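J.: Position chain B relative to chain A; hints supplied.
Protein chains: 2
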Amino acid sequence: MTTITGVSVHDVRFPTAAAGDGSDSINKGDYSATYVELATDGPHTGTGFTFTNGRGNEITCAAVRALAPAIEGRTLDELFGDPLTFLRSVTTDVQLRWIGPEKGALHMATGALVNAVWDLRAKEAGKPLWQLLAEMPTEELVAQVDFRHIRDAITPEEAAAILDKGRVGLEDRLAQLRSEGFPSYTTSVGWLGYPDDKVRALTRQAYAEGWRAMKMKVGGPIEDDVRRARIIREEIGPDALLMMDANQIWDVDEAIANMARLAESDPYWIEEPTHPDDVLGHARIQQAVSPVRVATGEVAANRVIFKQLLQAGAIRVMQIDACRVAGVPEVLAELLMAAKFGVPVCPHSGGVGLCELVQHLAIFDYLRVGTSLEGRMVEYVDHLHEHFTDPVRTRDGRYLVPEQPGYSSDLKPESIAEFRFPEGPAWQ
Amino acid sequence: MTTITGVSVHDVRFPTAAAGDGSDSINKGDYSATYVELATDGPHTGTGFTFTNGRGNEITCAAVRALAPAIEGRTLDELFGDPLTFLRSVTTDVQLRWIGPEKGALHMATGALVNAVWDLRAKEAGKPLWQLLAEMPTEELVAQVDFRHIRDAITPEEAAAILDKGRVGLEDRLAQLRSEGFPSYTTSVGWLGYPDDKVRALTRQAYAEGWRAMKMKVGGPIEDDVRRARIIREEIGPDALLMMDANQIWDVDEAIANMARLAESDPYWIEEPTHPDDVLGHARIQQAVSPVRVATGEVAANRVIFKQLLQAGAIRVMQIDACRVAGVPEVLAELLMAAKFGVPVCPHSGGVGLCELVQHLAIFDYLRVGTSLEGRMVEYVDHLHEHFTDPVRTRDGRYLVPEQPGYSSDLKPESIAEFRFPEGPAWQ
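Protein sequences, first through last, are from chains A and B. Each residue of the first sequence is one higher than the last, beginning at 1 in my numbering. Each residue of the second sequence is one higher than the last, beginning at 1001 in my numbering.
For reference, chain A alone in the conformation it holds in the complex (with noise of 0.2 Å):
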């Protein structure tokens, strides 16, 4: 019976934003975490972090202070023994919700700690987290997700079924996934920072590693845009994927006739177009842009947001993030709804240690939810991963299984001493 004898947090900031990787059409970061870490009373620690953006990331920390003591002190077996308490406890305070609720910096961290104490149980059970949700009862996956305010979307009857049907097959998927990995594409061609030359050597460099599906940033001038996705699909032919990226920038009817423009380079989709709370504006791109399919997620708040999107028939792929929701649990919402409205989900990547995480929901996903790969397939941006204990392993375009215990969310600690904001060596 493990005891969480303490949290710490750490300010983790990596200096990327000079380099102009990362930057797009709304944001340019020093890719940063807030980094939680679970003391306890038995041999494990377990870690967790919501990925921020560079400045505002004591904000996230200073959310993870004041959630805190929801954990502190408690037992593994009483959180995991109610956990629809556990998970209220940090999403429903009734102070600390008024600056959410579920959504924005509170949300983030409550994301980040929910995820470590999620993380500290897979260490306990010697398991990879996407194992140990793999095999997990359908009766306790269900017991996980809080259902208020989606249950007109998906009833805890509706999502058992889903559990259930995804044990046929599962050992089979299994063998497959740790032969072949996991489907993904790469982002690390067309930052919005880069020139064209760059761009297109980039590119080849790519395809010649073996991606077949890569994504470019849009939202620069259009004229950019055209040209550097035409750069992009000459090099890749046409029968490689090609995603396209807006970051938020446009307003919808901008989206609309800017995806005209940029249908000749043939897009497999069109990523946040605009605003991420635009649920109606979402559905009148998705309509309007069809066959191109709209995708987004990365910074949807929370499972209501999704909930829309899936209901409104908004997005045709759904990219859930492994930490800007409360962890674990949300995200196990999300994808229960995904599976039920037929939507394939494409988690979002990146930033920093986000590849670590979001390899576990997919296999988890493939695994026992959606059991598809069709559409499926994992961001990759090869950024960062050597500050990571466990980091993730790709070959030929492929994530494979991860098989150490844990969330792979561990930081090295020298990693963590030399980035630490602001008194790290990296920011003297």
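What the hints contain is simulated information worked out from the structure, not anything from laboratory work. Be a bit skeptical, because a hint or two may be false.
[Stated by the list, open to error] A few chain A residues that don't get close to chain B, going by computed Cβ distances all over 10 Å: (1) 19; (2) 89; (3) 105; (4) 174; (5) 175; (6) 180; (7) 198; (8) 200; (9) 220; (10) 222; (11) 237; (12) 240; (13) 257; (14) 312; (15) 422; (16) 424.
[Unchecked claim] Which residues of chain A face chain B? A few of them, derived with a C-beta cut under 10 Å, are: (17) 27; (18) 62; (19) 104; (20) 109; (21) 149; (22) 236; (23) 253.
These figures come from a predicted structure and were not determined experimentally. Where a beta carbon is used, it is the ideal one built from N, C-alpha and C, also for glycine.
T.: Showing chain B alone in chain A's frame:
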């Protein structure tokens, strides 16, 4: 040419939770303010705040500190010479926005800071904020609004037409307000924390004081809600208005079912029937409970949520909040959209100082935007006004027009000292 020489922020909390005031189905708060003071090289200090519910106020304070560099050292002429650049410098900073975007703790802090700048401007002009806005040229008002992401609902040209039309009869409306005051309703009778006999006594007292519109909290056990509604309806007779507020607790179908039960007490509106992000859910509820009005907005994250609530016909009463969104300019966008869609605005109030703020917005709305009092009421809660230097004044259930320069947001220095958290004497 006044320069903002420094930004300071105070964590001010009032221990209201113990009294049961402000308790509802989901909140139990120590009413608090993230209180901002702008030091200048001139005679005035700008003040602004965002209201929070106790725990977490340190997080919004941290967010103010993160945003402060955007205005420190700037002159009012610079900020208002290019208002959209000023606004976006605090709503879409390339790093900070990630922990919103435009929502939650960061956006609330933005509201506090932006409101402080507007308070300073109004003080410099020697006018109450409502008057500064009501007299402003149409072109300058339109220039304050960020139309990005709402252009599909309202264009700058449509906004200008509304504001130009609002000039007609403005003097008459102002004379009327100065003579009669602005209609309001009281929320002090039916908090969930109050027993039945206290509800009856408070209702009787409020009716005797002249209130003809009162709000009760619902969202407890439905039998209790039905019984309490009957008590209030008995006391106020058939003609006075009874509003109900569920504070987001219900699922969509639960809201519809419960309102069918509560219909016997002839509610005027049902406020926050479900999750504040659920545009589609509110639309379904509005359709089902009509002719009862659906009202929401006090925790609507931003203008994009309001846009959709209006586009979807999901609300028949729009409840703006003065400081959850990015202050005066974002509220202006919301008022303009409400006018275009023909939905009356009834500002959210109560908390700490919300009455003081929203009276300016409601008066401006009547004078220049909505230009009607039909269906318009400002919430009134009789809490904590004694801590403000220019508190609201009411007579016979109506707000009197504030006449002092500024946004009525100055807390008394002795109140700040007494209730400062955690070091103030009130918290020892």
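J.: All the hints need checking, so say for each whether the structure fits it.
T.: Hint check:
{"no.": "1", "hint": "19", "in the structure": "holds (14 Å)"}
{"no.": "2", "hint": "89", "in the structure": "holds (12 Å)"}
{"no.": "3", "hint": "105", "in the structure": "violated (4 Å)"}
{"no.": "4", "hint": "174", "in the structure": "holds (35 Å)"}
{"no.": "5", "hint": "175", "in the structure": "holds (39 Å)"}
{"no.": "6", "hint": "180", "in the structure": "holds (34 Å)"}
{"no.": "7", "hint": "198", "in the structure": "holds (21 Å)"}
{"no.": "8", "hint": "200", "in the structure": "holds (26 Å)"}
{"no.": "9", "hint": "220", "in the structure": "holds (14 Å)"}
{"no.": "10", "hint": "222", "in the structure": "holds (16 Å)"}
{"no.": "11", "hint": "237", "in the structure": "holds (34 Å)"}
{"no.": "12", "hint": "240", "in the structure": "holds (30 Å)"}
{"no.": "13", "hint": "257", "in the structure": "holds (12 Å)"}
{"no.": "14", "hint": "312", "in the structure": "violated (6 Å)"}
{"no.": "15", "hint": "422", "in the structure": "holds (13 Å)"}
{"no.": "16", "hint": "424", "in the structure": "holds (18 Å)"}
{"no.": "17", "hint": "27", "in the structure": "holds (6 Å)"}
{"no.": "18", "hint": "62", "in the structure": "holds (5 Å)"}
{"no.": "19", "hint": "104", "in the structure": "holds (2 Å)"}
{"no.": "20", "hint": "109", "in the structure": "holds (8 Å)"}
{"no.": "21", "hint": "149", "in the structure": "holds (4 Å)"}
{"no.": "22", "hint": "236", "in the structure": "violated (29 Å)"}
{"no.": "23", "hint": "253", "in the structure": "holds (6 Å)"}
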